[in-house]
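**Q** The residues making up each chain are set out below.
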Amino acid sequence: MQKYKKFLKPFIYSVVFIFFIIISYRSAKPRYKPENFTDIFNDFSWLINWPKWLDFPLMQPLNSGFDWLIIKYGLFFEGINNFLLGLYTTMKNSIVGLPWPIVIALVIFITYFASGRKTNTTVMVAFCTFFLGFLSPRYWDKCIMTTCIVVIGMLLCIVVGIPIGIAMARNKKVRSALLPILDLMQTIPSFCYLIPGILLFGLGAVPAIIAIFVYAVPPLIRLTDLGIRLVDKEVIEASEAFGASKKQTLWGVQIPLALPNIMQGINQCTMMSLAMVVIASMIGTRGIGDEVLLGLQQLNVGMATEAGIAIVLLAIIFDRITQSYGEKIQERTQQKKKI
Amino acid sequence: MSKIEVKNVYKIFGDSPSKVLPMVQDGASKEEILEKTGHTVGLDNVSITIEEGETFVCMGLSGSGKSTLIRHINRLIDPTSGEIMVEGTNVMDLDKKNLIEFRRHKMSMVFQRFGLFPHKTVLQNVGYGLEVQGQKPEERNKVAMEKIEAVGLNGFEHQYPNQLSGGMQQRVGLARALATNTDIMLMDEAFSALDPLIRSDMQKQLIDLQSELKKTIVFITHDLDESLRLGDHIGILNGGRLVQVGTPIDIIMNPADDYVKAFVKDVNRARVIKAKIIMIPPNKTNGMDKSNLIKVEEDQFLEEFLPQVVCTNANCEVVDKKGNIKGYITSKELQSSLTKS
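Read top to bottom, the protein sequences are chains L and U. 1 is the number of the first residue of the first sequence in the numbering used here; add one for each residue after it. 340 is the number of the first residue of the second sequence in the numbering used here; add one for each residue after it.
Next comes chain U alone, as it looks inside the complex (with noise of 0.2 angstroms):
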């Protein structure tokens, strides 16, 4: 059973939802039904399984729907028709003490910007989770107190969160979301408002934390480079459409349209594929001159040992971790997989 699961979800804002429904089910274009009808269609048809313990980064530029769907997991927003499934319930059955409740104790989010309580200190706003759950003072302090420490933030606890930097207060974010210690984390663009540094920071703190807690995360963004970098799964909305579902390699190895092709054309491929990706196993190196190797390791990122090899004009040996032979590169590999198609 799939952690988080989203059957055709439809969603279209205006007066009359329930009357536009069908004509967007038909097949008509988001513009053809704003001229229309002047309602909105923000999702159209989407469907995605989310398993346990990966990180689901859902892509896409702004107005793709993309908050949108991450507020349809938590029930922020109500779909138009769909099903929402997380650990096997239909969100939709909850009733409104059963979605509050739901809220609590299944799943947390991080906002784009930020959504601190500006008249709590960091050490209230940590535990504000914890607060509504009606736990006592003491005992949310002590919790709240730990994932400030985790993100790094102790000393700052009586702060306000305008005293604080903007990477800062997104650690207090990060830390509230992680005090419910609920199984699910939802991120709205949650570093998208972050300068690049502090931004790649945060990913990496991120990483660091999901490999400790392995949480389910749904990541919104609109910047491709960090999809690439934290999804095991990447997801790309256009219009309100799924165009595309896959692993970071699949989606640049074969974009599945020209929309995904604008949004991969221009990133690092060297940074993204890694040797295994394009070796080829050792039977079927005919021909191949093995006498000038370097060794590589099959999980090495392409850009890690390019410079070496045009420097030397080798191929490539690919090992795994314990030495064992599973393929080569030769330049020809390399050309064909860095060439933007």
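Just chain L, with the same shape it has in the complex (with noise of 0.2 angstroms):
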């Protein structure tokens, strides 16, 4: 039986290989085959150009599943919508609707404590704030959508992808069976998912954050099963000699000792989610990203190029926030030696 054991895989293989061999030679056109099936072995002039009738009939099942997707779980998809639609508009209205003083305000406030009270940090990020405004003054209302896009998207990945983080640190078939589809995530083009997007969840700001979270969470669920699978084994060991429950060490040992590691996933997550809200402006969703567009559409190199400037702005503010809240929790767990 051992011995047999290994040939089990190809085995199996081999015979999905052959069912798929034999489904798209069903299921191609007539005009494209032989005849008769044995003319295959009678005539080999098909080895020398592929042959129509082997082609997997991958599009035609999707297309029927999605549409069955739509139909079956519309409404699930329209209250994932609604819900997001809700907060990103309750978001988006509450900020808009303060003067613009009051807002460069209150980012200077979260940087100069985020940061452990930098003064460097805060007047770096201050005045990135204020040339959001003062590129055009159209932008400042766009980067505020852009913005509310972005945090939403995060919050997202935050809530979903440290929790995924944690459970493929902790099991290592979780890991084996998570680690494909995020390279998949990864690898897909983002169109890929953002046409689908649209049909499910509309125009606009829905499939967006639907987007940045498709794109953005890989990275930060990387870094975190990372940071938990670096931390000292002897440390982890320590713990449980003292008699920790799984639960005392996760959070007691494993995710203040991760932290660093997260928060630099947090930040990944940051720019990823600011690199797709550009892209997402071709689907409609209104930004700072269709002022790129616009330029773009009209040969108009300057405004794109202004455009461009501001959303590398929100990018440094975005990420000196992180960042120094990140170097802020890492110089309390890792304290530097005195001299």
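There are no misleading hints in this set.
Using C-beta positions, here's what the derived DEER-type ranges look like:
| # | chain 1 | residue 1 | chain 2 | residue 2 | range |
| --- | --- | --- | --- | --- | --- |
| 1 | L | 251 | U | 368 | 41 to 51 angstroms |
| 2 | U | 368 | L | 229 | 32 to 42 angstroms |
| 3 | L | 229 | U | 615 | 49 to 59 angstroms |
| 4 | L | 229 | U | 433 | 26 to 36 angstroms |
| 5 | U | 357 | L | 41 | 42 to 52 angstroms |
| 6 | U | 364 | L | 177 | 30 to 40 angstroms |
| 7 | U | 364 | L | 4 | 25 to 35 angstroms |
| 8 | L | 246 | U | 615 | 49 to 59 angstroms |
| 9 | U | 362 | L | 177 | 26 to 36 angstroms |
| 10 | L | 177 | U | 433 | 29 to 39 angstroms |
| 11 | L | 229 | U | 646 | 50 to 60 angstroms |
| 12 | L | 229 | U | 571 | 36 to 46 angstroms |
| 13 | L | 186 | U | 434 | 35 to 45 angstroms |
| 14 | L | 246 | U | 520 | 18 to 28 angstroms |
Per the computed footprint, the stretches of chain L lying under chain U, defined by three or more beta-carbons under 8 angstroms from a beta-carbon of chain U, are:
| # | segment |
| --- | --- |
| 15 | 227 to 237 |
| 16 | 244 to 250 |
Okay, derived cross-link-like pairs now, DSSO-like style, lysine-lysine, Cα gap no bigger than 27 angstroms in a straight line:
| # | chain 1 | residue 1 | chain 2 | residue 2 |
| --- | --- | --- | --- | --- |
| 17 | U | 436 | L | 172 |
| 18 | U | 435 | L | 246 |
| 19 | L | 6 | U | 358 |
| 20 | U | 436 | L | 247 |
| 21 | U | 475 | L | 247 |
| 22 | U | 375 | L | 6 |
| 23 | U | 436 | L | 246 |
In case anyone wonders, no lab produced these hints; they're calculated from the structure. Cβ coordinates follow ideal geometry from the N, Cα and C atoms, glycine included.
Could you fit the two chains together into a complex? Lean on the hints.
**A** Here is the structure:
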């Protein structure tokens, strides 16, 4: 029995492979196929150019599956849509409604406390914020829209990504099951899920949030997983030896020690969200991204560049705030040696 | 009843240890198993008994399975087969909840690379065992402060571990193990990462603490001098097998095989052997020259009176603390005990 075990997997694979070929042959249009099945083995001309009957039919089932999804679970997606849209509009309207000096003051306030009262970072972030509106008054509201989308997308990533990362670090099976999915999410071109996103959630902010989630959550999951696995084994052993339960070890030791890595993941997550929100402007998401798109469409280099600079400034603001918060945590957990 | 009993424990690392177990039990060697099945034998039929209040030192080179053995006692590692009894309860029978309770109240552990929590202060580190038990901060800080004082680290309680030197860090590790006030202490190469001066300092501190606290200590080391200094009994492991168990004197005077012989070859015997070990009883001293005698106490090490003997060319009279004559030592006994076999 043991002897044949290693042949089991190749056997299964070849059965599946042959099954696929049979499916493709049967579903091919009759005019592409030889008249008789046995002709394949008499006339070998099909070996020169790829024969038309050797075509795996993936498109049809995917389309019908997608239709079925919309019909059957339309309400479910509608619910998600309404929730995210509601969140987005309330957030956007409340910030847009504020006078701009108060918004800048708020940003300064957040940065000052997130960075652990670092004046340099605060001043820099304040200038960047000011320059958003200073570049062009139109940008101010658009930047707020973009920020709201990014923030909601990020929150979604954090709420889903960190627990998944922790589950991956603790269970080998979960990790080997999820890694290919993460690879898929990172490599599949963003338009492949932007378009279905429109069909499921309509135009606007919600498909952008979903796209952000798909695009930006993998690095957060990976870095959380890595951070937790990198915690010194002896420290974990020490915790267990003193009778800590799994939960106590996780919250008391693993997460605090993995926090610098997790914060790095959140930072990466923000940067990728910002990149995605610009692409998402192509599916009608309002925000600073559509200024770039507009500039390109009108061949207006100055306009596109100006909007590009605004995006860079926005990125700097996000990066400085999350990064400096991460550094603050790191200082607390890894105190420098006094000399 | 012994405090800790390890009975016929086997540990095999690999994909399907239970299949390899019969081979190991039939006496296949470690190398054979590795070559044939790709499994590593960690422990091979190890049985030890440790009495209450003693320091049992487990010695061996790296890869001999000593760290694996100590982790079996608090079940950080599960054995492939065998029993581990602590105070009469079989540790293998404990379920998850009871195992946690068992680890909280029965034993504590000190680690080779300290295993301190870098994000907690010294005070929080020492109080960790009490924290997981659910004690209130005030109570556990009080106990933790006592232990910090016991290891001589007052004033450092609000520092973080990486602000301390290696020796100080291991003191924190020791204080943390003492804080839960368990009967059994497991020390996994606790002093191996320290430099020689601090190591001997820590050994002395441990001996002092032990004379006061009378805990059952299982100590792992690869350093023979350390094991001779600390151990009431020493177990020597080689390739997962227990080669010899005995008192320090046993090990030195009657090494069981070549492996142990190689271990004890370089040891300074004069520092380990006490006068009472090699003395001959008073009634067997026919024809001994008693005109030139030095008085030595029975618990003195040879090292302490050897120079005197050499200078004066005298024989020794061994007395106990009250001054009663217990026996004699001539140059013949000295010679035979100090000659390397």
